[in-house]
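J.: Here is how the chains run, residue by residue.
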Amino acid sequence: DAGVIQSPRHEVTEMGQEVTLRCKPISGHNSLFWYRQTMMRGLELLIYFNNNVPIDDSGMPEDRFSAKMPNASFSTLKIQPSEPRDSAVYFCASSFSAANEKLFFGSGTQLSVL
Amino acid sequence: AQSVTQLDSHVSVSEGTPVLLRCNYSSSYSPSLFWYVQHPNKGLQLLLKYTSAATLVKGINGFEAEFKKSETSFHLTKPSAHMSDAAEYFCVVSAGYSTLTFGKGTMLLVSP
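Residue numbers (this note's numbering), protein chains in the order written: chain A, 1 to 114; chain B, 1001 to 1112.
Please note that the accuracy of each hint is not assured.
[What the hints assert, rightly or not] Quick list of in silico lysine-lysine cross-link-like pairs, DSS-like style, CA-CA up to 25 Å:
hint : chain 1 : residue 1 : chain 2 : residue 2
1    : B       : Lys1068   : B       : Lys1058
2    : B       : Lys1042   : A       : Lys78
3    : B       : Lys1104   : B       : Lys1068
4    : B       : Lys1049   : A       : Lys102
5    : A       : Lys24     : B       : Lys1058
[Stated by the list, open to error] Partner residues aside, some chain B positions facing chain A, computed with beta carbon under 10 Å:
hint : residue
6    : Tyr1036
7    : Gly1043
8    : Leu1046
9    : Phe1067
10   : Phe1090
Hints are computed from structural coordinates only; laboratory data are not their basis.
A virtual CB, placed ideally from N, CA and C, is assigned to each residue, including glycine.
Same shape as in the complex, but just chain A (with noise of 0.2 Å):
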């Protein structure tokens, strides 16, 4: 398997632009995430989903941010306006459960939003 794998690596767009930043789970895995990475904040859980439905939204920072997983191997996350403090490092994990288990984690998607 090719593990997890996201899509743009660097994603450069000015303030007000729609964002959309794209993930593939390892096949099999029942659980996906989306998290923030920030110097400031450290890594932060925006959302994740169980058989391909959202449980915990709570970390999404605001309605400028959604995400969709409408089948087992494919998960977005949006932003919609971007703002600059939007500017950070997006992972996106997948396990086999959600909890107390190994993530595996993609390389990540770097947004700069000027």
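Using the hints provided, position chain B relative to the given structure of chain A.
T.: Same frame as chain A, but now just chain B:
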């Protein structure tokens, strides 16, 4: 509720000397504890995991960690540092059915 505190934001060692990265946790239930490593421009990778079996856990690349309930600690150690160990290390706690809570990370710097 659960939380984790990594006591040092940066640790500097010389190649060949021991490594100690400190972590304290709090949790309402018996915790699972993890250490992850992140090399530059890469995702996080699991080093080791404790889940109420042996209190001394051995991981990859010669790292190990000891669970001490009385001290609520889960420090990461390695007898001899390599240059390739230079990375950021995250201590992680999970308890009950909650998802993982990550520490702020400790940057390990290894000098020749």
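J.: A separate judgement is required for each hint: does it hold in the structure or not?
T.: Evaluation of the provided hints:
1. Lys1068/B <-> Lys1058/B: holds (15 Å)
2. Lys1042/B <-> Lys78/A: holds (22 Å)
3. Lys1104/B <-> Lys1068/B: Satisfied, since the Cα-Cα distance of roughly 21 Å is no more than 25 Å.
4. Lys1049/B <-> Lys102/A: holds (8 Å)
5. Lys24/A <-> Lys1058/B: violated (30 Å)
6. Tyr1036: The hint holds - tyrosine 1036/B has a Cβ within 10 Å of chain A, the shortest such distance being about 8 Å.
7. Gly1043: holds (3 Å)
8. Leu1046: holds (5 Å)
9. Phe1067: violated (14 Å)
10. Phe1090: This interface hint holds because 7 Å falls under the 10 Å limit.
In this structure, the earlier hints numbered 5, 9 are contradicted, and the remaining ones agree with it.
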